[in-house]
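Line by line, the protein sequences are chains V and H.
Everything in the first sequence is counted per my numbering, starting at 1 for the first residue and increasing by one.
Everything in the second sequence is counted per my numbering, starting at 1001 for the first residue and increasing by one.
No lab work stands behind these hints: they were computed from the structure.
Keep in mind that a hint or two might mislead.
As the list claims (entries may be wrong) - Ranges between beta-carbon positions, derived for each pair:
#: 1; chain 1: V; residue 1: 333; chain 2: H; residue 2: 1351; range: 56 to 66 Å
#: 2; chain 1: V; residue 1: 357; chain 2: H; residue 2: 1274; range: 39 to 49 Å
#: 3; chain 1: H; residue 1: 1330; chain 2: V; residue 2: 255; range: 28 to 38 Å
#: 4; chain 1: V; residue 1: 357; chain 2: H; residue 2: 1330; range: 18 to 28 Å
#: 5; chain 1: V; residue 1: 303; chain 2: H; residue 2: 1002; range: 46 to 56 Å
#: 6; chain 1: H; residue 1: 1311; chain 2: V; residue 2: 45; range: 52 to 62 Å
#: 7; chain 1: H; residue 1: 1270; chain 2: V; residue 2: 303; range: 26 to 36 Å
#: 8; chain 1: H; residue 1: 1070; chain 2: V; residue 2: 67; range: 55 to 65 Å
#: 9; chain 1: H; residue 1: 1330; chain 2: V; residue 2: 187; range: 46 to 56 Å
#: 10; chain 1: H; residue 1: 1270; chain 2: V; residue 2: 41; range: 53 to 63 Å
#: 11; chain 1: H; residue 1: 1069; chain 2: V; residue 2: 25; range: 25 to 35 Å
Unchecked claim - Pairs of lysine-lysine, BS3-like flavour, derived with a Cα cap of 27 Å:
#: 12; chain 1: V; residue 1: 258; chain 2: H; residue 2: 1391
#: 13; chain 1: V; residue 1: 45; chain 2: V; residue 2: 113
#: 14; chain 1: H; residue 1: 1111; chain 2: V; residue 2: 258
#: 15; chain 1: H; residue 1: 1391; chain 2: V; residue 2: 265
#: 16; chain 1: H; residue 1: 1050; chain 2: H; residue 2: 1147
#: 17; chain 1: V; residue 1: 45; chain 2: V; residue 2: 107
All figures in this text were calculated on a predicted structure; none of them were measured in a lab.
Every residue, glycine too, gets a C-beta built ideally from N, C-alpha and C.
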Amino acid sequence: MDLELSEEQQMVIDMTRSMLEEYSTVDVVRVMEDDPKGYPDPLWKQMGELGLNGLLIPESYGGGGQTLLEGALVYEELGRAMAPVPHFVSCVMSANVLLAAGSDAQKQAWLPKIASGEAILTPAWLEPERGYGEAGVALEAKADGDGFVLTGRKRSVPYAGVATQLVVLARTKDGVDLFLVDPKAKGITSKQLLSQGREPHFQLDFAGVRVNASDRIGAPGSGWATWNDAMLQGIVLLAAQAIGGADRCLLETVAYSKERVQFDKPLGAFQALSHYMADASTRIDGGRVLVHEAAWNHAQGRSIARFAPMAKLFCCEAYRETTRVCAQIWGGVAFTIEYDQQMFFRRAKHLQLSWWDTPYLEGLIAADVLDG
Amino acid sequence: MDFDFSPEEQKFAEEVEAWLVENEDPVVMDHHRENFTQLSDTPERRAFMKKLAAKGWLGMSWPKEYGGQEIEGVYEFILNEALSKHAAPQIGKGVGIIGKTLIRHGSEFLKKKFLPLILDAEIEFAVGYSEPEAGSDAANMQLKAEKVDGGWMLNGQKMWTTSAHFADWYWVGARTDPEKPKHDGLSLFLVPMDHPGLEVQSLPTIGKDTTNQVFFNDVFVPDEYLVGQRGKGFQMISEALDLERFTMFTLSPIANRTEVLVDWVKKAKRDGEPLKDDPNVRRLIANIVTDTAVAKALSTRFVCAAKSGGKPPTVQSSQYKLFTTSLSQRVCKDALDIQGHEGTIMEGQDDAPLRGRFEGAYRATMNETVGGGSSEIQKNIIARRHLGLPKNF
Ligand SMILES: Cc1cc2nc3c(=O)[nH]c(=O)nc-3n(C[C@H](O)[C@H](O)[C@H](O)COP(=O)(O)OP(=O)(O)OC[C@H]3O[C@@H](n4cnc5c(N)ncnc54)[C@H](O)[C@@H]3O)c2cc1C
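Pulled out of the complex, with its shape left as it was, chain H reads as follows (with noise of 0.2 Å):
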């Protein structure tokens, strides 16, 4: 049993952390932007990631002959932490879900076309899974791709697309075979995002950051551009998740979240008196502490579990998944109660405490036990596959 990194590990994820703080810029990084930090959604921010694909940062789990180095999945971990402990942009869809997806069922011409565009930061993707009919039960995808001369001929609707306002490409997953059970009708495309047929529409959120929902009007995609076999889209989309665990929903922000409070009470006052005094106050910080422990020894469980490369940590990341988006709720609430009135000062003021940071964080975390798999369905996962449950809906 080790709870350290290995000495190459630690070395890595201390060159990691002095590049960042040479590289502190606060356009790029700005913690109040909570979770949407993980974009590279500005000119800064992509130049950013350029920035970190000329270090060697990306792709670095991936095959060496597709310019990768085959290091351990770890060292990704690392890096995504890292990133998000400095509210930086985060390696993630392109490296991760659509790369990894690309190495192991694209043809030659997508390969060619997109890995080395990845490595270089010169591409930014959309993912469109979610649609109006089509949240939790991912697989019930309704968006129509009809066989037309050459390519496939895409109508209908996806929701919930996050990053379709910036993105380059767009990876959809689309119904080629409606005939066959609903797991097996679905095969996923790559879309250029500027092509006429697509119309984006913001979704505003009560985060600061909005989402889309993105209509397909006779969107033509080349034969080409199908990846992977038709029909093993949904395979391909689970088994994406599968392969990138370590770059999933990071706990930086919530220890960094933490931490601010903490720090916050240790130099707060109350009618005179230090904040850090009131008993309801230590009792509050006492338990957000311990749970956060709690979550960090969650994500070690799963980080060993996916190192040991047996089958895919899916239990250990979906309790991980599970405590620590209800821990970062709850954290936001505490900070909220522990400010009393003056946490209901909106966030951006510089009157209010810590700029309002936790009333901002407040809003913008209450998607966490939702997005990406909703609690309930961890729920699900956790009691099927590792209680032996039956199927419980």
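Looking at chain V on its own, in the form it has when it is part of the complex (with noise of 0.2 Å):
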């Protein structure tokens, strides 16, 4: 048993946190907030040309062929910076359903492309008034001809506004299929909902959109398969990036309570103040090590199934109460936008709420130990 990370390890997080300290700054988070297009050109050229938008993509496609560990160590530095960057959307999940269900030519065409960040894939998955499960994807995939015709409406899509290709998640008579369908085909149509997160995430209109049946993603009816293995993987990167946000807001609010001072006291010293901290600590600390754990089982070959929600749950519920007592102890400014807890405060309830929430992970998760 060892928690030391490699020196190469060691390596990629200096790498990740010196550059995105340059490149994703406060302010430039700020200014990407709400904005359509969602992410600064020189972060994402910057990725690119780090390696990182291919990291864990097979060098064969370009890419850097690393496990889900160091894919957790990255994640918790873009938590931390609060990087606004499509890399989940793109090089994680889309990535992750091409190598898993992908034919080779639809391999051969996006993934180089995802690993150098030229092109941008984005999930078409949630709906108006349905879950985050199986049942929830309700947009009809009609066979006609030689192709399929969607008829729809899905919600929350990141980034669909630079999206090259979108992966939609449809309903075919035989259960849930993926497409790659391009955003500008015929009979869509998008309109940018502002988020809790800022991040810029749209309602797109299926009206009888044509495409091919080379677009489908894998097999008939296998998509939802794909999209829950994907989906396993990517809540340890997004558990990471839960920790990286806490961790941060805590270390900023424990700075901030050695030097305010009331009573003449910095606030550090009220008992009261220092024990949400050392709680939070605790919370943080311990849910880092779950999700190394959750990550280094996946890069062992081993089954994620408990671990991944499990790590996404704890994580994740750390994230918001740190943002929340850290805002108390913070005082009025926090309720400011001139100060930075809100951005964390809201990122973090917003990220709670993405890519499967609290009461979904706990019916994973109870299924797998209940059920077995």
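Both chains come to you apart, so use the hints to assemble them.
Pasting the structure below:
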């Protein structure tokens, strides 16, 4: 048993952190809030050049071929920096879906471009008045000649405004299927809906959008299994992102509590406040090890069907609770736009509700524990 | 990074597990004793410890010259987790606190006298730090030790001495130098528990077992039984806690309760329907299982820090103790909530669900967030040593 990082792993962290400190400053993050494009070119370019966009993509497709553990280390830094990038939707979810189920032609066409950052793919998954599970996918894909016709509405599609391709989850007669769709295809209309985390989110309407049979990813009816598997890996990274955000939020709060004086004492000398911070640090430090354990297990080829949802469930709640008590410690200023605390506070809840929320994750864990 | 034990450690864990299964004995191993399973307080349990000693499993991390094997402390961690998983008595005070302190600070006389007895499981100790005025503030001990010819005369009172009613020897902190600052005026003594000047009064608890208060009436202790240097008592007590991270508060009993609860929920019915299909029950179970995994992660964290041999993993073990003890209580609370009115049937009756395991555990775990450094004390430690916040009390 040992929790030491290898020299290479530490280098990945250091490199990512110092790049983000330069290219993802709070000012940059603020400018990107609600921006329809949603990411700054210099940051995205740097990530591509440092190999971060292709980190988890095999070397044969121009990626770095790293494991989920290196991914988790990078995601803690992305969370710490609140980095506004389409990395998760493109380089993780879309890439994993293609890797797992894509045809050779689809992989050749997209993976190298995803790895370089040249193409941005984003999944169109959630729908109004529907949940996170398989039953939530209702957008219809009706067989028609040598292709399909897509009709329905998608919600909360991140970065759809800049996407090169959409990965659409749709219902066919076989079940759930995944399709590569050009976001500019005839019949798609889009509208930005502002989000709590201020990521560029879009509502997409599909009114009889034609796609070719060759744009289906994987065998008929295999879409949900592919998606579910990609999600299990993805949420481990989001758990790491949550830990990064929580850790920075706490460290900034600790520093503030040593400076701000009331009743002739620094705030940190009030036990009520110091105990909030001690509790938060315990959850963050424990959550981080859980994330590493989940990622490490995946890298060893072991199942993460239980670890992955546990990691996201715990770490997203740790993040949310950390931002709540930190806001309490800052006092009134935390409520103002001027101070940065609100940025963590909003993102923490946004992340908790995105990519499987608390009840859904609890359901997955309970099923694994009780129904096996 | 590696979350598995090394092949050698794994082999040892399997050897211990197999041995414990072979030596399964309901008289010695009883989960319903909850936290008190760690004590070796009956003839059967003492006999069990002798068998452990015969296996060479006591004092494994001690130096060879004192009968140890000089192997890594992680083996004692593995052993203690396995023992507590089976509700067997654990290695702890003797091998850990007292043995290690004597090895570092004891005279040749004390080492010769006590170390072999510890290795052979021939001796049980009681630890006497707490007093009416010295709880969390352990350095505030007032038990008086006055210098007399050839030794020391002890007078006063100890509180909460758990093993006093069956132990052979008493490891006691007392004030030898009242004129010095409070942390510098304490010394440690070894006193035979059958000394006529000691009066042990039982303090029944809402857990299964009793603890004690102990009164000292002119207890004469010869000079040779003062441990280490006079006035260094508090430093030795703190150091022993740091040396003894591997065998502190074990996780297995909590992991075991989580497992027992899950198994029970899988089979139980309510109003004719499987209880496991109740969405509220499912949410509670998902969170208990998740938090148990986090407790294990925090345990891995302090074990790895302790293994690395750097500075003592004080912060890591405080975080572990803080999180795990409150989880321990919550598992019992949630279990009773899941059992509903049947959860009120008191432990030990066949008609209770799981013979009342959780009714009993709910009571027995009440003290976990207080004993061994309360949750508030752990948070003070984390705030100061980890976050660098000012002293806050
Ligand atoms: C069953 C049992 C067995 C025990 N066995 C032993 C034993 O074998 N040997 C032994 O020496 N002791 C033993 N103890 C004593 C145990 O270690 C003490 O109970 C513990 O140290 C707390 O002390 P206290 O009970 O006096 O509570 P107090 O110290 O009076 O604490 C009361 C409350 O005040 C809080 N508090 C205290 N100081 C602070 C602070 N600085 N900041 C914030 N909050 C604070 C505490 O967290 C707690 O909530 C045992 C106790 C019990 C109940």
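Each hint tested on the structure:
no. : hint                         : in the structure
1   : V:333 <-> H:1351: 56 to 66 Å : holds (59 Å)
2   : V:357 <-> H:1274: 39 to 49 Å : violated (25 Å)
3   : H:1330 <-> V:255: 28 to 38 Å : holds (32 Å)
4   : V:357 <-> H:1330: 18 to 28 Å : holds (22 Å)
5   : V:303 <-> H:1002: 46 to 56 Å : violated (18 Å)
6   : H:1311 <-> V:45: 52 to 62 Å  : violated (43 Å)
7   : H:1270 <-> V:303: 26 to 36 Å : holds (31 Å)
8   : H:1070 <-> V:67: 55 to 65 Å  : violated (36 Å)
9   : H:1330 <-> V:187: 46 to 56 Å : holds (52 Å)
10  : H:1270 <-> V:41: 53 to 63 Å  : holds (59 Å)
11  : H:1069 <-> V:25: 25 to 35 Å  : violated (55 Å)
12  : V:258 <-> H:1391             : holds (11 Å)
13  : V:45 <-> V:113               : holds (13 Å)
14  : H:1111 <-> V:258             : violated (47 Å)
15  : H:1391 <-> V:265             : holds (11 Å)
16  : H:1050 <-> H:1147            : violated (38 Å)
17  : V:45 <-> V:107               : holds (22 Å)
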